[in-house]
Amino acid sequence: MTRRLLLLLLVAGLLAPVASAQPDGGRAPAAEAAVRAALDALFAGMRAGDSTAVRDVFHDGARLYTAVGPSDTAGVSQTPVDAFVESVGQSRERVWDERTWNVEVRVDGPLASAWVPYVFYRGDERSHCGVNAVQLVRGPDGWRILQLTDTRRQACDVPPEVQKSR
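Quick note on numbering: my numbering labels position 149 of the sequence shown as 499, and the sequence is numbered without any gaps.
The reader is advised that the hints may include incorrect statements.
Stated by the list, open to error - List of simulated lysine to any residue pairs, SDA-like, C-alpha gap at most 25 Å:
# : residue 1 : residue 2
1 : K514      : G473
2 : K514      : L496
3 : K514      : A483
4 : K514      : R397
5 : K514      : G399
6 : K514      : T499
Unchecked claim - Derived Cβ-Cβ restraints for the label pairs, each shown as a range:
#  : residue 1 : residue 2 : range
7  : G459      : P420      : 32 to 42 Å
8  : Q485      : W451      : 13 to 23 Å
9  : E443      : G411      : 29 to 39 Å
10 : V508      : R442      : 15 to 25 Å
11 : G439      : G492      : 18 to 28 Å
It should be emphasised that the hints constitute simulated quantities derived from the structure, not laboratory data. Each residue gets a CB set at the ideal place from its N, CA and C atoms; glycine is no exception.
Take the sequences, apply the hints, and build the full model.
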């Protein structure tokens, strides 16, 4: 009996550091899902033309950038978050529909990073595609986008299930 207890304590001692080394104490899948929900809220707000919902996804100090230029070099342009939010809420005939796939999320405590391949449609017309590189922070009100940098190009390998059918 003593031998079993000793063996059990030894195994528990060896496994404890592994469990505590997991991001968010082993809650990473829940945190990743919450980050994904914040990203999905951004794209849903854009589709709905809801500037209030879109603004709510951004941190007060958020920044938006676009890496522009050829594929091997880039300049960077900045868009003020408030200008983007205002443009989302403007009346338009064609819906802004940003579709994503293979989103990769990494979380470490209150910090998250997401790599988000996308294709952007204005109504039924494909406008452009690229990747959103997103940094988020978790505060008292949940996950908020701190920085979003995107690329924009015409040619991307968009999975058929993400493509808009005409």
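Status of the hints after comparison with the structure:
For the hint linking K514 to G473, the alpha-carbon distance of about 9 Å falls within 25 Å, and the restraint holds. The hinted pair formed by K514 and L496 fails the criterion: a straight-line CA distance of about 29 Å is larger than 25 Å. Restraint check for K514 and A483: satisfied, since their Cα atoms lie roughly 23 Å apart, inside the 25 Å limit. Between the alpha carbons of K514 and R397 the distance comes to roughly 14 Å, so the proposed pair stays at or under 25 Å and holds.
At roughly 19 Å between alpha-carbon atoms, K514 and G399 fall within 25 Å of each other, so this suggested pair holds. Under the criterion of a C-alpha separation no larger than 25 Å, the hint pairing K514 with T499 is consistent with the structure, at around 24 Å. Our hint of 32 to 42 Å for G459 and P420 holds, since their Cβ atoms are close to 37 Å apart. In this structure the supplied range 13 to 23 Å holds for Q485 paired with W451, their Cβ-Cβ distance being about 20 Å.
Taking the beta carbon of each, E443 and G411 are about 34 Å apart, inside 29 to 39 Å as hinted. A hinted range of 15 to 25 Å holds for the C-beta pair V508 and R442, which are about 23 Å apart. At roughly 22 Å, the beta-carbon separation of G439 and G492 lies within the given 18 to 28 Å, and the hint holds.
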